[in-house]
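Novice: Residue-level listing of the chains:
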Amino acid sequence: MKILGIDSSGLVASAAVVQDDQLLAEYTVNYKKTHSQTLLPMLDEIARMTELDLNTLDAIAVAAGPGSFTGLRIGSATAKGLGLALDKPLIGVPTLEALAYNLWGSDRLVCPIMDARRNQVYTGIYYFENGGMKTQMLQTAVNVEELAKRVNEIRRDVIFLGDGVNVYRETLEQKVGVGHCYAPAHLNRQRAGAVAALGCLYAAQGKFETAAQHQPDYLRVSQAERERAKKEEAFGEPHD
Amino acid sequence: MDREKGITILAIESSCDETAAAVVKNGREILSSVISSQIELHKIYGGVVPEIASRKHIEKINQVIEEALRQADVTLDDIDAVGVTYGPGLVGALLVGVAEAKAISYARKIPLVGVHHIEGHISANFIEHRELEPPFPCLVVSGGHTHLVIMEDYGKYRILGRTRDDAAGEAFDKVARAIGLGYPGGPKIDRVAREGNADAIVFPRAHVADAPYDFSFSGLKSAVLNYLNGCRMKGETFSQADVAASFQKAVVDVLVEHAMMAAEEYGFDKMAIAGGVAANSFLRTQMERACAKRGITFYYPSPILCTDNAAMIGAAAYYEFQNGTRSGLDLNAVPNLKLGER
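Protein chains in written order, with this note's numbering: chain H, 25 to 264; chain X, 79 to 420.
Since the hints were made in silico from the structure, they are not lab data.
Any given hint could turn out to be false.
What the hints assert, rightly or not - Just a sample of chain H residues kept apart from chain X, beta carbon distances all over 12 Å, derived:
id, residue
1, MET25
2, ASP45
3, LEU47
4, THR52
5, ASP82
6, ASP139
7, ARG174
8, ARG193
9, GLU251
Claimed, not checked - With a Cα cut of at most 25 Å, we get these calculated DSS-like pairs of lysine-lysine:
id, chain 1, residue 1, chain 2, residue 2
10, H, LYS255, H, LYS231
11, H, LYS158, H, LYS57
12, X, LYS187, X, LYS83
13, H, LYS255, X, LYS121
14, H, LYS26, H, LYS173
15, X, LYS416, H, LYS57
16, X, LYS234, X, LYS416
17, X, LYS348, X, LYS371
18, X, LYS252, X, LYS121
19, X, LYS252, H, LYS255
20, H, LYS26, H, LYS199
21, X, LYS266, X, LYS252
22, H, LYS26, X, LYS187
23, H, LYS173, H, LYS199
24, H, LYS254, X, LYS121
Unchecked claim - Facing chain X, a subset of chain H residues (Cβ under 7 Å, in silico):
id, residue
25, THR94
26, ARG97
27, SER100
28, GLY129
29, ALA235
All values derive from a computational prediction rather than experimental measurement.
Idealized CB from N, CA, C, for every residue including glycine.
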């Protein structure tokens, strides 16, 4: 099983190829956000270095959200275009699951945090059992105080990671009452290697989508829809 | 499919609120043109919501491309180049088409050609008028653009005038909203105006002092709003049809005047129009009349090729391709891309 992984959900742009139990190549850049210009040249570099024939891929795994709306769409459209052109299926991997998978095998809870602006974070809570990753709390958008409360309720030590950590470190330090630490530099951001490796597991479970079906899971409606819903709530919904 | 030699282009357009793909042969023959319009989704917001547009693009783009290939009875093996709009437009919307096109081009080793959206609109004329060749002047009027240009050669444009403020189509949308017609304003004003008296109210025709070919529509828009306010303050009702017709005439008068001035000054015996507002029936008849009076041949695309579509992008991409333009894997969306820029 050979899977291409793509993640452009946040500040990091990353592409990787995993074949069964091996990472053949991974290219990760955490420097300025120009994913539209860098993602495909990065994939091309990987393909050239590993003499990869794209036709030998079994599927394309893509970090499918949450994340930056535009970033997600760049990854999605790239994956959809590849899927269409190569006639390959896609695998949508939840962004936070892939982030948590960076810390495979940890005996603590793993809690990835992405800054979601508007005083919220995208987060989820995961743990590892018998060599597999389990979900304690599905990925969602909440404020960081609420997250701290959830973590405290579980009463297990926890590792935090993700680009939201630095933004909310102070609050985490104040509110988190269980033992906690922060993942180091090489593991604490999105990596397409994790997306592709999880993609292999999803593939084994038959969790494919067609390239046409695939779309990001934003976890949030657009601002215009949100404001409209608020207005309707205020004035009462129109009835026929 | 006819296998005679030629250049077949798959074109993709997602700069605003239509997801579109087309297969075009030799720049002038449409093998297919598929448009997935989002207009209904944006109506309740009174205009295009960029984030909703982008989300719809990603949802529909593969289906639209696959349908275009199917209707043209071709596969990607038959495609010589992929053309894609990379600006101007909504950045998030453009990025969907650009990323998709790049991935297809890369995976199948098909040359990629980035296309300027407005050059696409102008090129719509080539599809319907096989005999039309540059040089010719063209009036480009849409919701986002108002340009008077001379297409000197394929890929070579000289801008004579542009709007200083609102685009013509934008003024249509704003006035339509003000008189209770809703979005999109262009076709609604066009329809209602047919029942009205275009000379009922005299709205200003703006001219820009130091740039005779430039346009300005914000003053006209304000004049309409002032007129409506005046009516309300006096407790009078206004005629929707008369306001629509009088406003439309004020816009069209200026557009036609500028276009004719350009044809005369530069000595052209042909003239083209393009863009969504080029579908306006009053603009078409007035241009036709003015051109006929001066012995100028008037070219305009049918309405379906005036509004956003990918066939026009395929036409423009063909001439870019022939000129040797090849875009790289780092092609980016350029929301404010200038006409003629490469």
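Novice: Indicate, hint by hint, whether the structure satisfies it.
Specialist: Hints, one by one, checked against the model:
Every CB of chain X lies more than 12 Å from the CB of H/MET25, the least distance being 19 Å, so the non-interface label holds. Every beta carbon of chain X lies more than 12 Å from that of H/ASP45, the smallest distance being close to 26 Å; the non-interface claim holds. Remark: the non-interface label on H/LEU47 is consistent with the geometry, its nearest Cβ contact in chain X lying 22 Å away (cut-off 12 Å). For H/THR52, the shortest C-beta to C-beta distance to chain X comes to about 18 Å, beyond the 12 Å cut-off, and the non-interface label holds.
Residue-level check passed: H/ASP82 sits 15 Å from the nearest beta carbon of chain X, beyond 12 Å. At the 12 Å boundary, the C-beta of H/ASP139 stays outside the reach of chain X, the nearest C-beta of that chain being 18 Å off. The Cβ of H/ARG174 sits about 29 Å from the closest Cβ of chain X, beyond the 12 Å cut-off, so the non-interface label holds. Listed as a non-interface residue, H/ARG193 keeps its Cβ farther than 12 Å from every Cβ of chain X; the least gap is roughly 30 Å.
With a minimum CB-CB distance of about 10 Å to chain X, H/GLU251 fails to clear the 12 Å threshold, and the non-interface call is violated. At roughly 39 Å between alpha-carbon atoms, H/LYS255 and H/LYS231 are farther apart than 25 Å, so this suggested pair is violated. In summary, the hint linking H/LYS158 to H/LYS57 is not supported, as the alpha carbons are separated by about 31 Å, beyond the 25 Å threshold. Restraint check: the Cα-Cα separation between X/LYS187 and X/LYS83 comes to about 20 Å, which is no more than 25 Å; the hinted pair holds.
For a cut-off of 25 Å, the pair hint linking H/LYS255 to X/LYS121 stands: about 16 Å separates their Cα positions. Between H/LYS26 and H/LYS173 the CA atoms are separated by roughly 40 Å; this puts the pair beyond 25 Å, and the hint is violated. Straight-line distance between C-alpha atoms of X/LYS416 and H/LYS57 comes to about 23 Å, which keeps the hinted pair within the 25 Å bound. The hinted pair formed by X/LYS234 and X/LYS416 meets the criterion: a straight-line CA distance of about 12 Å does not exceed 25 Å.
Under the criterion of a C-alpha separation no larger than 25 Å, the hint pairing X/LYS348 with X/LYS371 is consistent with the structure, at around 12 Å. For the suggested pair X/LYS252 and X/LYS121, the alpha carbons sit about 13 Å apart, so the restraint of at most 25 Å is met. The straight-line distance between the Cα atoms of X/LYS252 and H/LYS255 is roughly 22 Å, inside the 25 Å bound, and the hint therefore holds. Annotation: proposed proximity of H/LYS26 to H/LYS199 is violated, straight-line Cα distance about 43 Å (limit 25 Å).
The suggested pairing of X/LYS266 with X/LYS252 holds, with an alpha-carbon distance near 12 Å, which does not exceed 25 Å. Using a Cα cut-off of 25 Å, the hinted pair H/LYS26 and X/LYS187 holds, with the two alpha carbons roughly 21 Å apart. Distance hint between H/LYS173 and H/LYS199 is fulfilled; the C-alpha atoms sit about 8 Å from each other, no more than 25 Å. About 18 Å separates the Cα atoms of H/LYS254 and X/LYS121, which keeps this hinted pair within 25 Å; it holds.
Annotation: interface hint on H/THR94 holds; nearest CB of chain X at approximately 5 Å, less than 7 Å. Interface restraint check for H/ARG97: the shortest CB-CB distance to chain X comes to about 5 Å, inside 7 Å, so the restraint holds. Hint on H/SER100 holds. Least Cβ distance to chain X is approximately 6 Å, under the 7 Å limit. For H/GLY129, the suggested interface contact is broken, since its CB lies about 34 Å from the closest CB of chain X, more than 7 Å.
Here the hint on H/ALA235 is kept, as its CB sits about 5 Å from the closest CB of chain X, short of 7 Å.
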